[in-house]
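Go ahead and model the full structure; you've got the sequences and the hints to work with.
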Amino acid sequence: MQMYFAWLTDVLPKCTETSQAVAVLPDKFVSNGAFTEDDVEAIFAHQFSTPSAMDTVEFDCFEQLFRYVNGAIYRNLSDVHLPDDFSVNVPLPDLHGYDTLLAIATTCHVIAVADAAQQYLVYLLLHLSPATFSATSKQQHSRRDIWLQFAVWCMSHVYDAMSLAKTSVARRLLELLAMFLYHAQPTGWRGGGDDPQSGRVPDVAVVSNDLMVYIKMQDGRTSAPLNYSLPGTCLVGELRDRVAADVGHFADRIRLLTDTKVKLTVSQHDGLTLDDVSIFATVTSSKKKKAYVEAIVLKKPEVDTAGHKKSTKKAKLLRGDAAADWAAVATYLASTWVPSLLEMLEDPAVCDTVWRVLARLPRQPSPSSSVLSTSLPTLIFQMDDPPSKVVAPDVAIHVREVLLHHTAALSSAKNLLVWHGWSLMFATLDRALQQSADANPVPWPDNDAGVWDVVLCNVLDIAHVILSSQQVPTTFTASQTGATDGPTGTSSQRVVYSPAPLLDNPDSVCELALVHALSLVCQLLVVDRKSSLATTFQQHPHVQSVLVRTLDHASSQVRGEAAKTVQSVCNSTLNPSSWQVLVLSCVTLLGSYDGPVTHGDLFYLYGDIVAKQQQDKQLRSVHEQRQLAMGRLLARLQLVATTPDDDADHVLEGLLHSFLGWMEPPPPPSNEQEASNEVVSTHSEWITPALVVEVFDKCLFPPSTTTTLAKCRSRGSRSAAFQLLLQCVDVSPALALPIVLARMLPQHSFDRKPPKIDIKHSTSSSLSLSSKATSPKQPTKPRGPFVGLKNLGNTCYFNAIVQMGFMFPPFQRLVLSCESESSPVLFQLQSLYAHLRGSSRPYVNPLGLLSVLKTNTGAAVNVKMQQDASEFLTSFLQQLEAEINNGKQHDVEAAFARALGGVFSNELVADGNRYSERTEPFHYISVAVRDKNTLVESLDSWVEGDTVSYTWDDDDHGDKHAMDTHKRISIQTLPECLILHLKRFEFDFETMQQVKVHDRFEFPVELDMRRYTKEGQAAARRQLHVVDASNASIEWRAPEYYQYDLTGTIVHMGSAHSGHYYAYLKDPHASSWYEFNDTVVTPFDPRHLAAECFGGVAHPSGKHTPSMKTHSAFMLVYTRRKPTLALVGEQLSPPKKRSFGGTSVAIMAVLRFKRR
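Everything in the sequence shown is counted per full-length UniProt numbering, starting at 1 for the first residue and increasing by one.
Worth flagging that the hints you see were computed from the coordinates, not collected in a lab. On a predicted model such as this, the values are computed, not experimentally measured, just so you know. Watch out, some of these pointers could steer you wrong.
[As the list claims (entries may be wrong)] In silico DSS-like pairs for lysine-lysine, Cα to Cα no more than 30 Å straight-line: (1) Lys310 to Lys216; (2) Lys967 to Lys299; (3) Lys290 to Lys216; (4) Lys216 to Lys983; (5) Lys1109 to Lys1066; (6) Lys216 to Lys854; (7) Lys864 to Lys983; (8) Lys1122 to Lys1066; (9) Lys854 to Lys983; (10) Lys261 to Lys290; (11) Lys864 to Lys1109.
[Unchecked claim] Quick list of simulated restraints, FRET-style, between CB atoms: (12) Asn913 to Glu1006: 37 to 43 Å; (13) Lys138 to Ala42: 23 to 29 Å; (14) Thr708 to Pro596: 19 to 25 Å; (15) Asp276 to Lys564: 28 to 34 Å; (16) Leu82 to Ser137: 26 to 32 Å; (17) Ala1070 to Ala611: 58 to 64 Å; (18) Lys138 to Thr56: 34 to 40 Å; (19) Thr1105 to Asn913: 58 to 64 Å; (20) Ser851 to Pro1083: 30 to 36 Å; (21) Asn505 to Pro596: 24 to 30 Å; (22) Gln615 to Gln539: 23 to 29 Å.
Ideal placement from N, C-alpha and C gives every residue a C-beta, glycine not left out.
As structure tokens, this is what we get:
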């Protein structure tokens, strides 16, 4: 039959797009001309008579005919040629083959076919038109009516199937209903708190909000804003796609900023809704008319935008009418069928599927103990919410009774739902016991003094069962709980919907149950403070298994709760009645465990408890256990193998910490009587040579004669090993010190080393034995005046920027003179500059500074990723300036602004004496390279400005007028160190790629910035007889204020996608130049600056074709020229009488000098 249906699938007509060309066929013939429409209908009606035995090939044939008959012939489906985007235009019962599809979904023995049929039915339900017309009943049906009819049909057939003991059919129907409720549920709906009996529909209508998106280019240009009307459930990633489509750019190059300048990154925010990131929150709170975000069009993907993927999955139903329809179905089921579903919940055969339906329905308010069930499944449904801050006393007492009487029957059930129920009950009792310790105690009945002992035993039994379960049963695996939210597509034209999850967080059910169980155990032992509970805890058969396996659990949350529990019960302040007994018990339980350990938390806790025990004078009776415990730890340490696994290294670190705990010295005696009674003990019997040898030879320094690596690889484990080795030497120097010295002395020598011969500069004759013995010592190469920086991967941009700042004396003095107690970046920069000034090595490792620096997104600097030097300079100076400002060092802050901070003046000028100015601080100036030959030409173009349309406010009448406005920029304040960024990288819109501009670009050694300042531009306009508010009065500064000398360049070598940064910098105390290329610092001849930095065409010798140079200046560093003072000769002319004019000139010169 499979071959037959495969052949039939090939020859039957298929749904194609209407725009495709089709062959001209006789009337009523379809597709390839082999069938008429009547033939197709007959085949569809009679070939699928046994739905229960249908296989996948037959279902593919059925699905193809279902589409064609309902879509191409009867037009009941729209856009049927689309694999997963067609819609249904009629009520589902009017679809041809609908009854057969239901039969397949509920009775087919092939699970894959039944699942596919269920998913197909869910798709049809979700893609119903809001209003459909039935040709059979001649009536119009709304989507809500059809959904309600489907829910009634499902539940009535479930009830009949359960009555006839057809549990498999009931399970299929419940799975179908649960899948529909799960995928039709609106985003953001919460079911708790609504009364199903009232028939009120939860208010889940989606409200659209107005959103304005301001568009800016990376170079500062702006475009017209975009206006949208979006719901709060819209994803940030969807907004990024929409903006990219509207501006005609790539979505991974669209940076989104909120109105508070918070970056919406791809990795952290694309999956969040606009409500999650509070886009519309400020509108509601401040009653603004419209929210806004800022979109910056980038030239290349940045850290915050890279990795964006356009969503191809169809969104879930988010419209208000669909949400209301779903709420009507859920309310009907909750008000009518919940009692029947709760009865079915007691049947283990359908328990999980019933729960999947109940989990989607609205819940009643928290019940009292009078309506709480003693049945665990029903009780779980009634309690399926985290316990409130105050647990009602009757509820707490009822939960304790259920925990007492049902543990024997259900503690062995490896069922996620049961474990979820125990987790809720543990959390409820935990909260109730906390209330008992607070001001709202629960009046527990005291009819049985040992009831809490039974509760403690039951909790430990349940925790042991959960820990003993190696894997989740197949009926409740995570794959069946649903990993997707909608159609994902298959190889055929069918869509795939995941089953409704049993629980919202199935992967963490066991972890939560263990966490609440451990917290409850802590409350019982600490809050109740009964010595019988401590004895019960000690004598429980599974206590060691529970403690060890939770301390070594895969979940860090479970490990943390287990450690917290043990530390609390062993705390003398929290548990004054039984802490001594529990300390001894925990030391014995943890110390006697000899099984495998995968996390170091167990040994860390063991070492802490042992150290606490050694510090307590009342527990000295256990000191004789040291030798046995140290022997066990040494045996385990010797079995640890060298492995690159980080977890194994953490275990080794914890093991070494346990040694340190046992070697903790006892407290000193408090008085003379205790000192006289103190028995002097020695640690020599605990510290053995094998321990010292193991730590030195195996953990730290393997002998060079072997190929084995050191066991301790991380900084933490090696630090613990060194501490242990020092402790051994300190405690038992007679035993440990000779062993350590015997291994250290061969590695050190105090004799003068024989001179080395420079083989590179030696002649062949000098390599003879006699010449080696008699040749004089070669002179060593002296260290240069400057030190390099190590490249830690792709950190050449960092090295060039740091060296540039170091070679600027005012900046270097500022850094070294600041207070850096609470400033990590400033402290590490001071340390690095101190090493650059005083290190005797040829280069310094800058790892300390790189480890505390952050990118512009707040993430740590990735040393393996290349960055733009100009962007890093901005981020670096912002972080440094923020720490200086936070330190309230106002004098340093002002000096920092004078040294590296300038101020732009952005001016708008229009007719009618309209003038507006906005200042903007800057650290460097970006100038264009494309189509510019020199720096002066580029700066001239930069200050020219352009004409824009700007809306001015009319102060007299309150009107607004859009006028042609001249927009220009100039420099209001010049810094001491002027940095110019050359725009070598551009985005080519023809190739849609980032490219590097290799054009020749010349720059002068001496630069006059007078004409580019605000006063210089004002003077130039006055010369052209253009007078406005900006040049009515011009105030000049001293001439040397505008004069700059070239003191450095940062060069980029390579392309736009890869390359290398290095710097040519001038010695501030001499006229010599140096090349700073990571670790190598060499002298540089400034006469070669043009050849090395201007770029342009290379002129190779020989017959090679000229090509563009790949190395060119990327940033220029100019330093303000220092004024030179002429010395007056010794022989002075006799004083002359000064005229009034001469005196005036002198006074003006003094005033000008003061202004400077």
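Comparing the hints with the structure gives:
{"no.": "1", "hint": "Lys310 to Lys216", "verdict": "22 Å, holds"}
{"no.": "2", "hint": "Lys967 to Lys299", "verdict": "24 Å, holds"}
{"no.": "3", "hint": "Lys290 to Lys216", "verdict": "19 Å, holds"}
{"no.": "4", "hint": "Lys216 to Lys983", "verdict": "18 Å, holds"}
{"no.": "5", "hint": "Lys1109 to Lys1066", "verdict": "23 Å, holds"}
{"no.": "6", "hint": "Lys216 to Lys854", "verdict": "25 Å, holds"}
{"no.": "7", "hint": "Lys864 to Lys983", "verdict": "24 Å, holds"}
{"no.": "8", "hint": "Lys1122 to Lys1066", "verdict": "15 Å, holds"}
{"no.": "9", "hint": "Lys854 to Lys983", "verdict": "24 Å, holds"}
{"no.": "10", "hint": "Lys261 to Lys290", "verdict": "17 Å, holds"}
{"no.": "11", "hint": "Lys864 to Lys1109", "verdict": "26 Å, holds"}
{"no.": "12", "hint": "Asn913 to Glu1006: 37 to 43 Å", "verdict": "39 Å, holds"}
{"no.": "13", "hint": "Lys138 to Ala42: 23 to 29 Å", "verdict": "26 Å, holds"}
{"no.": "14", "hint": "Thr708 to Pro596: 19 to 25 Å", "verdict": "22 Å, holds"}
{"no.": "15", "hint": "Asp276 to Lys564: 28 to 34 Å", "verdict": "31 Å, holds"}
{"no.": "16", "hint": "Leu82 to Ser137: 26 to 32 Å", "verdict": "29 Å, holds"}
{"no.": "17", "hint": "Ala1070 to Ala611: 58 to 64 Å", "verdict": "59 Å, holds"}
{"no.": "18", "hint": "Lys138 to Thr56: 34 to 40 Å", "verdict": "38 Å, holds"}
{"no.": "19", "hint": "Thr1105 to Asn913: 58 to 64 Å", "verdict": "60 Å, holds"}
{"no.": "20", "hint": "Ser851 to Pro1083: 30 to 36 Å", "verdict": "32 Å, holds"}
{"no.": "21", "hint": "Asn505 to Pro596: 24 to 30 Å", "verdict": "29 Å, holds"}
{"no.": "22", "hint": "Gln615 to Gln539: 23 to 29 Å", "verdict": "27 Å, holds"}
In summary, this structure violates none of the numbered hints.
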